[in-house]
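Peer 1: Take the two lone chains and join them into the complex the hints point to.
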Amino acid sequence: MNRIVKKEQWSPEVFSMDIECPLVARQHKAGQFIILQLGGDFNERIPLTVADKDVEKGTITIVFQTVGATTHLLARKNVGDDIPNILGPLGHPTDIEKFGKVVCVGGGIGVAPLYPIAQAMKAAGNDVKIIIGARTKNLVIMEDKMRSIDPDLTIVTDDGSYGRKALVTVPLKEFCENWHPDEAVAIGPPVMMKFCALTTQPFGVKTVVSLNTIMIDGTGMCGGCRVSIGGQTKFVCVDGPEFDGHQVDWNNMLSRLGTFKPQEAEEHHRCHLDLGIPEGKA
Amino acid sequence: MKSAKELDEIAAKLRKNSYTPKERMAIPLQEMPVQAPEVRIHNMDEVALGFSENQAIVEASRCLGCKNHPCVEGCPVRIDIPGFVSHVASGDMKGAYSVISQSSLLPAICGRVCPQENQCQKFCTVGKMHKDIEQSVGIGRLERYVADAMSAQGYEIIPEVAAATGKKVAVVGSGPASIAAAADLRKAGHEVFMFEALHKGGGVLVYGIPEFRLPKKIVASEIGKLEKMGVHIQTNFLVGRTMTLDALMKEEGFDAVFVGSGAGLPKLLGVPGENLVGVFSANEYLTRSNLMHSYDPDHALTPAIKSEKVAVFGGGNVAMDAARTALRLGASEVTIVYRRSENELPARHEEVGHAKEEGVHFLFLHAPVEVQGDDKGRVTGVVLQTCVLGEPDASGRRSPVPVEGSEKFYQFDTVIAAIGNGSNPLIKMTTPQIETNRRGNFIVNEETLETSIPGVFAGGDIVLGAATVILAMGQGRQAAKAMNEYLSGK
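Line by line, the protein sequences are chains A and B.
Note that the first sequence covers residues 18 to 299 in our numbering.
Note that the second sequence covers residues 0 to 489 in our numbering.
FYI, nobody ran anything at the bench for these hints, they're computed from the structure.
Watch out, some of these pointers could steer you wrong.
Keeping only pairs whose Cα atoms sit at most 27 Å apart, straight-line, the calculated DSS-like set for lysine-lysine is [stated by the list, open to error]:
hint	chain 1	residue 1	chain 2	residue 2
1	A	Lys94	B	Lys199
2	B	Lys249	B	Lys480
3	B	Lys199	B	Lys216
4	B	Lys375	A	Lys211
5	A	Lys46	B	Lys199
6	A	Lys115	A	Lys223
7	A	Lys74	A	Lys23
8	B	Lys427	B	Lys199
9	B	Lys375	A	Lys251
10	A	Lys251	B	Lys266
11	A	Lys223	A	Lys139
12	B	Lys480	B	Lys227
13	B	Lys121	B	Lys66
14	B	Lys186	B	Lys489
15	B	Lys186	A	Lys46
16	A	Lys278	B	Lys308
17	A	Lys223	A	Lys211
18	B	Lys249	A	Lys74
19	B	Lys121	A	Lys46
20	A	Lys94	A	Lys139
21	A	Lys251	B	Lys249
22	A	Lys162	A	Lys211
23	A	Lys115	A	Lys190
24	A	Lys154	A	Lys211
25	B	Lys305	A	Lys278
26	A	Lys118	A	Lys24
27	B	Lys249	B	Lys266
28	A	Lys251	A	Lys46
29	B	Lys199	B	Lys215
30	B	Lys167	B	Lys199
31	A	Lys46	A	Lys139
32	B	Lys167	B	Lys186
33	A	Lys278	B	Lys375
34	A	Lys251	B	Lys227
Same shape as in the complex, but just chain B (with noise of 0.2 Å):
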């Protein structure tokens, strides 16, 4: 990190564009200001604080503009990434804003939450001349950056809607996939009505990432964009109980249906005493924090989860989100308990990093075997055996073994099941004519992600299983294109 005032001098020096690519490659690669573990952990507030202007503008400077934009590749909606970062490096956000827009209507979360190093930055030509990837451009960065300095100043790029096709359609759930779905479709000139089972948009980036790591606010001004693009919004509408699809279709007279239920459906542990009192999937521990406010307990009437020692199983960024919203809440010890080793973890290594500076244990190749309770119910600890590393399994990693006899019990109060979702199975008993696979998720035609209902289509967790925001951001603007060509033949 650079002082403040060898920033201004770099910056100053790069807006007079006179660095050769080699001394490009000497730029200092900017770190995000954060605040300190210590601190943090006492509060719910955003955990990295982003750029300053000076440290945009510098790190964008680390771009060499090369020919094959190989980052461009690496992202799921394919944002202009060179195109918007030497915007940025002359300093002119506006028009880094402008071709971030063209691609993504969520730059403020998806420069937050997108697993950038295994996307657009994995590829990045600087990162690789480092032969570093963490090397690469901070293109996440750069990307939130531009967002939020563009939200500080009030300033807001509502895309521009076509004329009215006379089309209606409806999209199932205000998540990631659907709201890019929703742009999209609206863009096209279609009116398009968003269905909410909760009483907030935003599906699971209000009830499943923290605070922390994701402004609410945030997520309400992107809702807020689509609003105004004129997408009517209607919350406390579950599809498939306030109305059923085939209603939907059949009475209501949409043309087109886009489906972004999500993986809805918490995995429990599976072992003996799942249902203890204090046994929690990660689902309602974070809803409970996130979307019902129940850290704040001076103002929400949800009640928090009271505990000391916490144990969380899994391994992804749930885990890593459960736990760390554990310690903000007051927990005194909390450990991740993962069955395969430190290398297999999914979650994203800055996640890993945040986790252990703030001081949650990981015990690794452990796995559940029994929760015990007391005689009123409640959870005093779980039973764990140890696991080795076999053969990898389908998913490429190399899947637990337990070793028999080495059953220990560590004491616990709180456990939370962090091991994944399957797809929420509620459109699928009230609509049974729809193709699912055994998981439960809709089986789609690979290219327009169209289901097996002529008309309906559908993308993000309910077809992928759990991914990423991105990921179903992605299926959602792919589905969209699909859903724009099929509604303009009908």
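Just chain A, same shape as in the assembly (with noise of 0.2 Å):
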């Protein structure tokens, strides 16, 4: 049951997985999710987005980056190991239709889920632009995998390593100005997200987001995924992922997504202590 048949490492942080799930391989749209625990009594269960899959082979592509306990976890699983509790597909698929011009944006890890998304938008025959940002070089994922949608591909970084040294917001302005987009998705980092939306509402640019929040099931009863989105209580695992940039209530999803970052911070490190793992490395 759900054994992984592919691992790469992408950088020191950043992993990428194929994991053997027929059932969620064939139910999968671009924008769904998974939530994933590792098995027993005392695991957490956390939400992570699909970046690829292959109904032939029944696979579905993840990807992360070690932040949490399971995340490091994950990390040390190789291929042959099996992943016991995978469930999913969650959420809405993102909506795809004829928009025009859609413009993408993907910051750190948030360019896995991306990916079907822009593909599924240029399968519907929009004209798609894609932007990729990362903190430095060696963060910087699946470059030939967008390039294949966009050849004008995009890469910030925010050190300069590698493409231009700007933020994202900074092409998202100024294709805007220059290109009128119809559409934007933007996936990443929440802060990210936040400004990307405040980019483009001047320009009138409905901005598609993929929140992560803090989730348990999954399917709606706990709650604690909870935005605001228009003034509304939404829930993000059964509502969502995938809301309008402009309604949410950033403030409130940024300290909600705090809740738990005291214990979370003495967790990471825990972690490297327990895994035997130097700071900075997976």
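Peer 2: Given below as structure tokens:
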């Protein structure tokens, strides 16, 4: 069940895995996610996005960064190992239509879930422009796959070690000014999505963001993932994960994401100690 | 409570069956030993410790074996109560277990969580003769004793399964309604697949009801019984997403489906500030502790919620569970805030008593107006309004009427909403042709529990709204009976 058939390490902290999960592979559509739990009584449930799938092989591809205990433990799994619990696909698929011109913005590992969406947008007949950003060169992922969709792919890094030295909002603003997109999709760290939404708002470009909030069951039962969208409470797991970025109460969402921050910082430290991993390595 | 020696004497006399009915009426009610409140608030272990064998025999001997056995009428699954109680009185626990097993698959669970005071024990002749329902025979405690004693001996009755019918049935969810339905469907010889979204079976019995009220190893062993009967349990499978109801029937060839997906949509406070950091639904609060074991921070990866002053809104069993869990997670002060008065509390009397003993405070006739927070978006407290009781509402309870101008700020760092659950919308969302009422509950034929889709039946909280474990089980059995008839004609 859920056997890892391929594993790649893309950077010190970023891994990609192909996992046999035929039911999820068959049902998954761009924009949907899974919840994973590593078995036993004590492991947590974490939501992860799906970067790709192969229906014939019955596999899904997940891309993750080692940030918490579970992603650290997951990174230690190898080809041939099983992942005890995977639930999915969860959430609504992305609304894919022929909008005309669509700009897709991915930051960090947010590039992974953006890939199937950009692919589907292209397949639906849209003219697709892609911007991908990362802190530094070795954190830039899926460049080739993205270039296959948009040959003019824009790459930015915070430190200028690769592509332009800029934040993703700089080329996004330029596209809004010069290319006039009909729709934008932004997936990445919450602060990046917030600023992408703020960038497109003056231009009236609808901006879809994919929220990755704290979640437990992923079926609408606990409400831990709730966010305020246009003044209404919504559950990311069943009403989302994608919402209109101009409607999201970003401050509330960011503070809710920090609910367990003090505990998580301690836990990250503990992971490294317990697993004997030096800081800065997965 | 009698000393052990006195109990021995009574039990010995009872075994010789030399009591007259009048003497029987004089046998003292047996109280179940419990962990002391000051001890138990520091652990997650079960509060009630269960009868000793002699206590069980003595308690069972209080039953007069009356002709009409009104207790059976009060039981949603119609257990032959006088039958099993008389076996207990004679010390034949296996015999008692066998009688219970004819009607209930979950005696260890129902003995603990059924509201017996509103069911079997409400009608008990002994209680009536004493003019005090608290003096009724402790049927729930006896049921629990029998189940625990048998499990301690490793003795189990796995219900017999009829010859294979060749029919395939899906059961959606693995809570009490689904467990009861799956058992009866399997007994009839159908191939049964149970689909559970979480990584563990048991539904609300696992994520909702705390360890100190229902140890999870008991739930696991009851689920294990289903597996021994040959029910296939598929966890990590969310009907509606992993596969739709339609696909189950049309592509996977299921001949009938039972939906027992529960009331899994938490109601929030509905006041400004309901999404501040530190405001939780009782479902989230309890799931973290129960399913994810966050009360054991040395082992669990799911972080526990650390609190000082906790407000729990609501007055049902879930509110009691959340408040008592908060104490065990280390909160220094826990207050249950309820809009009505103590008389209207929907929670079981016993649960309210346990909460009070443990030091939970109650603030009656208060309703939330606004949750307030600091500049980091974290809860600092709640503005409450006092209420007075007005006319009875549709539920028959006097409805709370807020008093204008009575608003006052109360300091809390954690706020838990335990004000009920709506029905989970996922199956409706992905199966639009299923008919639901305005609350999202499935509309079913009252007799057969069949939904608007032929071959699809439903029971438990998805039909009833939030109810009890035993009512859900009762519906599971009722639906299974109709499904067995439906399948035999197919």
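Peer 1: None of the hints should be skipped; say for each whether it holds.
Peer 2: Results of checking the hints against the structure:
Straight-line distance between C-alpha atoms of Lys94(A) and Lys199(B) comes to about 22 Å, which keeps the hinted pair within the 27 Å bound. Proximity of Lys249(B) to Lys480(B) is assessed by CA-CA distance (about 23 Å); at most 27 Å being required, the pair is judged to hold. For the proposed pair Lys199(B) and Lys216(B), the alpha carbon gap of about 12 Å is at most 27 Å, so the pair holds. Taking the CA atoms of Lys375(B) and Lys211(A), the gap is about 17 Å. The hint holds against a cut of 27 Å.
For the hint pairing Lys46(A) with Lys199(B), the CA-to-CA distance comes to about 26 Å; that is within 27 Å, so the pair holds. The straight-line distance between the Cα atoms of Lys115(A) and Lys223(A) is roughly 14 Å, inside the 27 Å bound, and the hint therefore holds. With a CA separation close to 12 Å, the supplied pair Lys74(A) and Lys23(A) stays within the 27 Å bound. With a C-alpha separation of about 24 Å, the suggested pairing of Lys427(B) with Lys199(B) holds against the 27 Å cut-off.
About 21 Å separates the Cα atoms of Lys375(B) and Lys251(A), which keeps this hinted pair within 27 Å; it holds. Restraint check: the Cα-Cα separation between Lys251(A) and Lys266(B) comes to about 12 Å, which is no more than 27 Å; the hinted pair holds. Of the supplied pair hints, the one linking Lys223(A) and Lys139(A) holds, its CA atoms being roughly 17 Å apart against a limit of 27 Å. Annotation: proposed proximity of Lys480(B) to Lys227(B) holds, straight-line Cα distance about 21 Å (limit 27 Å).
A C-alpha spacing of about 17 Å is found between Lys121(B) and Lys66(B), which places the hinted pair at or below 27 Å, so the restraint holds. Between Lys186(B) and Lys489(B) the alpha-carbon distance is near 18 Å, which keeps this suggested pair within the 27 Å criterion. The hinted pair formed by Lys186(B) and Lys46(A) fails the criterion: a straight-line CA distance of about 39 Å is larger than 27 Å. A distance of roughly 20 Å separates the Cα atoms of Lys278(A) and Lys308(B); the hinted pair therefore holds under the 27 Å criterion.
Annotation: proposed proximity of Lys223(A) to Lys211(A) holds, straight-line Cα distance about 13 Å (limit 27 Å). A threshold of 27 Å between alpha carbons decides the hint, and for Lys249(B) with Lys74(A) the separation of about 24 Å falls inside it, so the pair holds. Restraint check for Lys121(B) and Lys46(A): the C-alpha separation of about 54 Å exceeds 27 Å, so the hint is violated. At roughly 34 Å between alpha-carbon atoms, Lys94(A) and Lys139(A) are farther apart than 27 Å, so this suggested pair is violated.
For the suggested pair Lys251(A) and Lys249(B), the alpha carbons sit about 32 Å apart, so the restraint of at most 27 Å is broken. Of the supplied pair hints, the one linking Lys162(A) and Lys211(A) holds, its CA atoms being roughly 26 Å apart against a limit of 27 Å. Of the supplied pair hints, the one linking Lys115(A) and Lys190(A) holds, its CA atoms being roughly 22 Å apart against a limit of 27 Å. Between Lys154(A) and Lys211(A) the CA atoms are separated by roughly 23 Å; this keeps the pair inside 27 Å, and the hint holds.
About 12 Å separates the Cα atoms of Lys305(B) and Lys278(A), which keeps this hinted pair within 27 Å; it holds. The straight-line distance between the Cα atoms of Lys118(A) and Lys24(A) is roughly 35 Å, outside the 27 Å bound, and the hint therefore fails. At most 27 Å may separate the alpha-carbon atoms for a hinted pair to count; Lys249(B) and Lys266(B) exceed this at roughly 34 Å. The straight-line distance between the Cα atoms of Lys251(A) and Lys46(A) is roughly 21 Å, inside the 27 Å bound, and the hint therefore holds.
Of the pairs offered as hints, the one joining Lys199(B) and Lys215(B) holds, with about 11 Å between alpha carbons and a cut-off of 27 Å not exceeded. Distance restraint check for Lys167(B) and Lys199(B): the Cα-Cα separation of roughly 23 Å lies within the 27 Å cut-off, and the hinted pair is therefore satisfied. A threshold of 27 Å between alpha carbons decides the hint, and for Lys46(A) with Lys139(A) the separation of about 15 Å falls inside it, so the pair holds. Of the supplied pair hints, the one linking Lys167(B) and Lys186(B) holds, its CA atoms being roughly 13 Å apart against a limit of 27 Å.
In summary, the hint linking Lys278(A) to Lys375(B) is supported, as the alpha carbons are separated by about 12 Å, within the 27 Å threshold. The straight-line distance between the Cα atoms of Lys251(A) and Lys227(B) is roughly 41 Å, outside the 27 Å bound, and the hint therefore fails.
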